[in-house]
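Asker: Chains as they are written, first to last, in the numbering used here: chain R, 2 to 305; chain A, 5 to 308.
One should not assume that every hint holds.
Unchecked claim - Derived DEER-like restraints, expressed as beta-carbon distance ranges:
1) R:D177 with A:I231: 43 to 49 Å
2) A:R302 with R:E91: 20 to 26 Å
3) R:T253 with A:R188: 37 to 43 Å
4) R:E197 with A:E74: 54 to 60 Å
5) A:G180 with R:G270: 51 to 57 Å
6) R:P235 with A:G180: 30 to 36 Å
7) A:G180 with R:D179: 49 to 55 Å
Unchecked claim - Derived pair list, reagent style EDC-like, types lysine to aspartate or glutamate, alpha-carbon separation capped at 20 Å:
8) A:K72 with R:D210
9) A:K72 with A:E37
10) R:K55 with R:D14
11) R:K55 with R:E29
12) R:K55 with R:E104
13) A:K72 with R:E236
Worth flagging that the hints you see were computed from the coordinates, not collected in a lab. Ideal Cβ placement from N, Cα and C applies to all residues, glycine included.
Here are the chains, one letter per residue:
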Amino acid sequence: MPMTYETVDVFTDTAFGGNPLAVVFGGEHLTTEAMQAIAREFNCPETTFVMPPKDGANTGHVRIFTPGVELPFAGHPNVGTATVLARRGEAFGRPVGDAVRFEEAIGTVGLEILREAGQAVGAVLTSPSLPTVRGSFDPSAVAAAVGLADSAVVVARHAPAHVAIGATFVIAEVADLDALAAARSDAAAQVAHLGEAAPPLVYLYTREDAGPDDTGPGTLRIRSRMFAPRAGIPEDPATGGAAVAIAGLFATLFEGDLDLTIEQGIEMGRPSRLDVRIVRGAGDPRITVAGRCVAMLRGTLLAG
Amino acid sequence: MTLTFETVDVFTDTAFGGNPLAVVFGADGLSTEAMQRVAREFNYSETTFVLPPADPANTARVRIFSTKREMPFAGHPNVGTATVLAWRGEIFGRRLGEGMVFEEIAGLVPIAVQSEGGRPVGAMLTAPERFTTAAEATVDDVAACLALTPADIRTEAHRPVVASAGLPFLIAELAGRDALARARPDVAAFGSAPSVVPIGAILCYARTGDPKAGDEFDIRARMFAPIRNVAEDPATGSANCALMGLLASLRAQPGTLALRIAQGVEMGRPSLLLGEADWSDGAVTAIRIGGRCAPVMRGELLAC
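All chains should be modelled from the sequences, with the hints used to inform the complete structure.
Answerer: Rendered as structure tokens:
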């Protein structure tokens, strides 16, 4: 049986925005090397392979590849794969309902399908782990690493932070949209000013409204850019992992629950929107990331 | 109107080698901006759109887009598009034979389909513009851009020089396969070396055709254009057209120079380009480049 695939733009409701993803069906027979070759051929930021689950209680076994490596977990591939399955309506002979569970290298990953008028429009991912704030970076060094003046990096609420959620990020607040637009993705500058050992994923954001004070539930709207030139990604249009990481950072700054709206990818021409929620119960906070998806391509693999 | 597409790997007979290309059909009503968005979504080095010819004597009008801009001419998109058309056997209600002519911005591009056992396996194009050379680059600049030493650059036959048969490339001969394997693009040098900056793309090659060395190729080449977002290209038809013209002009013997050129080996996408250049009356009179293609995917666009 030939392998089929669909591609979707994730974290957007507009075609040609968001972050592209290819979802491949019928790849059960493939070796890891063959999956990697197909992911490199798609040349999407990530490609997933959906296979039958080992445990019948789960929806599918999902493996995630960039063009270069297999990932244990990533945000936009889960949101996109869940939405594609929900639109198909069934997976491996069973209906896909509003709750989806994927078996992945990191463990079991749960998502909830977003529906409007009965149609699946996106999915909500619950982060399987919580980010940790490992330390901070000198604001002047971060400014220089992205080609900005010292004053463009804002430290009133937090110093540029080193946050880990599987991948590790440098997260810095910048003064305004002009500073965000002026920032540059420059591998050499990142190494020169932050050092070889610094995380290669540099995430800048600015507030589009004042946001909550440090108590009580609130809402906050930010615009962000993610530069990873050292990882071969000049700029990423929508970064689910970074959304979870910044939520973890904000959880250390604010009391109460938080609804965080992130706009990303606008400067590079692939507008994206990620809706993040921090919910605190008795124990650790729970972080979810929601996104919409647009169907783009559908086809058959003739080789593989 | 549904847009359909096929993808092929060009300059190889093995899927996941060569240089990928998407060929889109049914795009007659699409604006230039929409074609650019579709090309960016495919994220291949080039995507072509096959449109009805202005002059019915020609096979088709072919528009070529990189992820960033429309191209007047390029090599692998022509070889791939012609092979896909030959497999289909007809276009715009007419049957296709061994010879095709594409209308492109650079002019008319004649293409000969190559078949084995009655089945098309590839194609060979004739470069649309006459061969020219322009400024030389310094050995030091080229060595810096390729992270090599000046001793790795050979200058006996020619110094590093800009050559074009439609698109200009800086062409540099290296000392041998070892230097070719060690070459890697230094982004900072590409952005600052004065004699490289105006072109930004280097095709470096080594002569490897010594029968005693047992190499099945006459030339091994690599193409780097990191400033144009091509860290390394697996198979560059236009650059090898320029190389063929340069080598024929240096040889200065009446007749046809024919060479087998390997590219993309070091980056894991092995490609074979068959080059020909005619020399007579003191000038290069025609340059052809060809190769095989492997089918990879087929499908339709769901959004536009």
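Asker: Does each hint hold? Answer for all of them.
Answerer: Now for the hints, and whether the structure bears them out:
1. R:D177 with A:I231: 43 to 49 Å: violated, 29 Å
2. A:R302 with R:E91: 20 to 26 Å: holds, 24 Å
3. R:T253 with A:R188: 37 to 43 Å: holds, 41 Å
4. R:E197 with A:E74: 54 to 60 Å: About 39 Å separates the Cβ atoms of E197 of chain R and E74 of chain A, which means 54 to 60 Å is violated.
5. A:G180 with R:G270: 51 to 57 Å: With Cβ atoms ~43 Å apart, the hint is violated.
6. R:P235 with A:G180: 30 to 36 Å: holds, 33 Å
7. A:G180 with R:D179: 49 to 55 Å: Given range 49 to 55 Å: holds, Cβ gap about 51 Å.
8. A:K72 with R:D210: Roughly 33 Å between the alpha carbons, so the hint for K72 of chain A and D210 of chain R is violated.
9. A:K72 with A:E37: Cα-Cα ~11 Å, so holds.
10. R:K55 with R:D14: violated, 33 Å
11. R:K55 with R:E29: Satisfied, since the Cα-Cα distance of roughly 12 Å is no more than 20 Å.
12. R:K55 with R:E104: holds, 8 Å
13. A:K72 with R:E236: holds, 15 Å
Hint check: violations occur at hints 1, 4, 5, 8, 10; the rest are consistent with the structure.
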